[in-house]
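J.: So the chains spell out like this:
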Amino acid sequence: MTHRTQDIGFEHSKISRLLSEESGNILLPDFLLNLSSESMRTLSGGFFEPREVTTVEAELEDAVVEEPHLNLANTTIIDEPEPIANVVGNCPVVAVDVSSVRVGESEQGLLYALRGALVWREGLSYNFTRCGPLAFHLNDLIARSLSRRSRANDSISYSAWSPLSERLLSRLRNTLERWMQRLACSRLSRGIVLLDGSLTAGTPDNPTVYLEDILNRSRENGNAVIAFSKETKLCFSGKKITRLLDKANYPCLLNIDRIITPQFPSAPVRLMGRVYVAKLTSRGLPFRVDIDRQLSEESAAKAVGRLINSDIVEQGYPETLRLAHILSTFTANEILAIQRHLSIDYGLKLAPRLSFRRSLFGPYGTSTEAS
Amino acid sequence: MKKGLIVQVIDIQFANLPGILEDILRDVMTEDTIQGCDYDPFNISSQIAVLKDTKILICKIRGAIEDGKAKTETSWLPSRTTSRIVPYSIEKLASTRNGKRPVTLGRTRSDHLTVDVKMLDGKLNIITGKKGVGKSHLSKLLILSLIQNGAPCLVIDVNGEYVNIGRARNDEPTAYADKITVLKPGHSLKFGLSEVGLKTFLNTMIYALDLPRTSSKVFSRIWNELERSGNLKLNSLNDAIRRFSCHESVREAIYSRFNTLMDLELFTDDISERFDFGLFEKKMNEGHAFIINMKDEHAISRRLVVELLISKLTEQLSDMRLKAVFLFAEEAHFYLRETYWEDIITRMRHLGVFTTFVTNQPDTVQESVYRQADNIFMFNFTNEHDLDAVSKVAKIDAESLRSIVKDLPAHNCLIVGDIVRDFPIVVNVKPLDIQTMGQTRHFFQD
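Top to bottom, those sequences are chains A and B.
If you count the first sequence from 1, you need to add 176 to reach the numbering used here.
If you count the second sequence from 1, you need to add 9 to reach the numbering used here.
Hints were generated in silico from the structure; no laboratory data involved.
Treat the hints with care, since some could be wrong.
Every beta carbon over 10 Å from chain B, so not counted as near; a handful from chain A, in silico [what the hints assert, rightly or not]: (1) E283; (2) R358; (3) D381; (4) V385; (5) G481; (6) G538.
Chain B side only, calculated, beta carbon under 10 Å to chain A, not exhaustive [what the hints assert, rightly or not]: (7) M38; (8) T39; (9) I43; (10) G45; (11) F51; (12) N52.
Calculated cross-link-like contacts (lysine-lysine; reagent style DSSO-like; alpha-carbon spacing at most 30 Å) [unchecked claim]: (13) K12/B - K525/A; (14) K525/A - K69/B; (15) K11/B - K525/A; (16) K404/B - K64/B; (17) K525/A - K61/B.
C-beta atoms are modelled at their ideal positions from N, C-alpha and C, and glycine is treated no differently.
Next up, chain A with everything else stripped away, as it sits in the complex (with noise of 0.2 Å):
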């Protein structure tokens, strides 16, 4: 016990270095940053239309959508969920989290901003570092140099990329992810790294090499990455999985793997995490949480019940991770501040918004579009 808790200290001073400002340069890759000046000197003032912010738009983040749909059939038989066994000790706790948002429309492309956040709690305090906001500019330009700067450079696969701007958000997007949860497992030991969203990688956006270097390097401190997806596209017998665990009034762990698995025969999508449905509170929400599948089953349970034990859960949710995605989060109001950034910074100038709808049948136009 005496060990445990010597080695706890020493990681989270470890990782509270994250806080200095000194570390600023390695929380954001210089390749993002070099990106989002570049593309964002590809604006030669000029109009753009920005993005209409209202108090009820409720869902601000532009959410990037990569599982699949997946529909299993009740032919399988589901086990039955095991209780989450209490683990006695804690270990640190670190979770990230990335939000992007659409900020406007320039005359020749997109205007994103993108916010990371890490929140690692130590002791029985929570701490956090917040990466950003980038703005990007994207558009055909900015693709094309991104492919040239791929091909340049061997140590990060981008060569998948096109140069179409509509899909380099999403890569952006899981750029900037990917880089700050390979910061937290690198510098965590003996903890557990809670990341948003599912171990599911091979996409074009989301190319399977880091999420294998994050993992890879996760082991290497000795760490469990569980991830959390607050959605889930996978259906059981028309149901969503999490509606497994409808019955379940206890802390428990559904392992659900062996009928996902066969799923995703071969390349290019890879679960590289073990699937299962978890509720972590006898009165909280059921979730999709994937555990590292190089983990064997036993120390993923147990990682679940060291988290428990670790983190406050409301609601079955880490507050780590809340925290995180609570953080990164842009609000409508950051939205208009980057706006107004833009529009000082680099001379835009604001276009009136124009609706066809409005332009042609006046107040007659639909009911959204009028208002």
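Use these hints to put chain B onto chain A, whose structure you have.
T.: Just chain B, lined up with the frame of chain A:
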């Protein structure tokens, strides 16, 4: 500027931007529970801070500038897209410093406000605000400015606040001390029956003491008989009432009221003790302020004195013996009978009585006064009921008035009306080197 719309800022609020609540909630939620830092390479977060503190100015259109001249009416609107917003000093609009009788009322946010005291001439004015915010102070400033310019003032001082207006803080007489006379009813202010006259005396009996009409007719007969015989004196009147042949109940009604009046010691047969209305007339025409100190006076005495003075003033003004009088009436509801309000703002105004009502109870001033007022000096009010009452003024919209008045600090007043050329303006009233406080008695002397 050749052409422009004049808008006045009436309120400053935080802008209710989309997402601001989420931002604030996040800050509150995390400030105690989570520590950390932001790595913001392009310093975009500074814009977030700017936005969070963004304020919105609530404005009202007050007029327009056309060919470089300010007008309070406007019939056009500027372009929404190409117009520019430029700050414009309100003193340029409201000030009448080029008038012949300039007086500096105080400071606005940016400059001194100087107005022409002539703008009080022929006008009906109201000074109102809650207790202790500086109403009497402004009133004194106006009185001093008026006598400095040779104007006659009559001050009905209910609380004895004006008695030291002629003395500096160091207790030395000021330059205007000889232009100020303080009168105390029953002491330095006593009247003779013949000067007062039947009409005034009878009105007092009826309105102040509720003498029944039938009894008043009997009293008139008694008075007329004594007047015809040249024996109109207090003792004679007393005897005549007791001896006059009438019903006992009528006699009792008259006698009890007569005794009440006598107890007030406002009347005298001694010529040397009587107030000299001739001298009053002379001094007033030279520019003088008479302060009627009614502190601690009985309610009937107050009403009686005011009835007598106004009646006398009306007479002197009608005969053109007096040019005009600036009447400062503090808490007029204490002594002004119902029928006088209308009279003051119509008939007496035409005769030359220019009244300034000073009150901390705005609902006691009749609505017609607010509607007819030419100048309104409004200090702070926070009570909704009071704000409702003052909102009836015709010179400014209720929204502006409520918005400005409820946030006014002490000694700051919103001035509306002719004196500021109908551009509402907030002024911090300038201090005076006089003993501004009345003779308030205090228990704690340190």
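J.: Is the shortest C-beta separation between F51/B and chain A less than 10 Å?
T.: Holds, about 7 Å.
J.: Check the hint pairing K12/B with K525/A against an upper bound of 30 Å on the C-alpha distance.
T.: 27 Å, holds
J.: Assess, step by step, whether the Cα of K11/B is no farther than 30 Å from the Cα of K525/A, and give holds or violated.
T.: Given pair K11/B, K525/A holds - Cα atoms ~28 Å apart, limit 30 Å.
J.: For the hint on M38/B, does the least C-beta distance to chain A fall short of 10 Å?
T.: 8 Å, holds
J.: Compare the distance between the alpha carbons of K525/A and K69/B with 30 Å, and conclude whether the hinted pair is satisfied.
T.: Within the cut-off at roughly 29 Å; holds.
J.: Is the nearest Cβ of chain B still more than 10 Å from the Cβ of E283/A?
T.: The claim holds: E283/A sits with its nearest Cβ about 20 Å from chain B, beyond 10 Å.
J.: Holds or violated: is there a CB of chain A closer than 10 Å to the CB of N52/B?
T.: 8 Å, holds
J.: Is the nearest Cβ of chain B still more than 10 Å from the Cβ of R358/A?
T.: 16 Å, holds
J.: Any CB of chain A closer than 10 Å to the CB of I43/B?
T.: 4 Å, holds
J.: Please work out if K404/B and K64/B have their alpha carbons no farther apart than 30 Å.
T.: 28 Å, holds
J.: Minimum Cβ separation between D381/A and chain B greater than 10 Å?
T.: Per Cβ check, D381/A is outside 10 Å of chain B; nearest 24 Å; holds.
J.: Against chain B, does G538/A hold up as non-interface, every C-beta pair farther apart than 10 Å?
T.: 19 Å, holds
Violated hints: none; the structure is consistent with every hint.
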